[in-house]
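S.K.: Based on the provided sequences and hints, a complete structural model is requested.
For the sequence shown, position 97 (counting from the first letter as 1) is numbered 96 according to numbering that gives the first Met the number 0, and the numbering increases by one without interruption.
Hints in this document: simulated from the structure, not taken from any laboratory.
Heads up, a few of these hints could be off.
[Said to hold, decoys possible] So the derived label-pair ranges between C-beta atoms look like this: (1) 111 x 147: 50 to 60 Å; (2) 147 x 196: 15 to 25 Å; (3) 260 x 98: 23 to 33 Å; (4) 98 x 219: 38 to 48 Å; (5) 216 x 237: 18 to 28 Å; (6) 160 x 188: 34 to 44 Å.
Using N, Cα and C, we set each Cβ at its ideal position, and we do this for glycine too.
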Amino acid sequence: MSGTTTATQGYVSDIPITRPTLGHAVLSEWTKVRTVRSTVWSLIATVVVTVGIGMLLASNTDDGDYSFQPFTLPALMGIMLGQVGVITLGVLMVASEHGTGLIRTTFTAAPDRYRVLTAKYLVFAALAFAVVLGSVTLVTLMTMVLHAGPGAGPHAFGRAVSGLVGGSAYVTLLGLLGLAVGALLRHSVGAVTTMLGALALPAIMPTFLFIWERTLHVGQLLLSYSAPVGLASVFGMPATELDGPQSGLPQLLVLAGITAAAVFASYRSVAARDV
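M.R.: In structure tokens, the structure reads:
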């Protein structure tokens, strides 16, 4: 039996007492991610959709199709749908605990709510970025193997790498935004619906704004910063055959600013509420 008893001090445990740190919270969140089926299936869906759609597109193109487009095009088409799984995972990282009531146990075991939320953001960001980057890189490499013939023309390897890394960062930011919205709304379905609306609305609204000349510029601006166009720009897709690859840096910075504001609001909200 562990522990000792003295006349003056009473019971003294042999188990060392350590001060809880951010590392402990990160390990706790990592355990949750590995053991909760909904998060595991979200990751599996992301990989299957991204790689499946990407390879389907790559197998139905020829070398000449890449004389104008980069080899990252099939990966972009795959992650366009695969990003839904990343966003859903971000929401579930926090909203599912509110739905089951587990969040009360979490905050009882770790009263520092800022530490808990920070651990969620860190674990999710690292996991989402690794999964997305691995998926789009696999699709791009397979596309190069299939279509790196003379008809494809020259391609800059560094540009493809920057597109893959930037695109993975863009999707990860969308997932972090989903996590922040989940922390604010505390409801899985509501947060997922809100995020899907945020993805679709900027891409749909320009259709109506293009009708009037006065709102034409607003529609063009809204469309250029919508999630599909922004992701394509970050991947370095040219708008036309006469255009060079786009940097996508403005779209990435705008999304980073929106996500940072939502993350800040989530910290304020978690600290102000009872649970």
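S.K.: Run through the hints listed earlier and report the numbers of any the structure violates, in increasing order.
M.R.: 2
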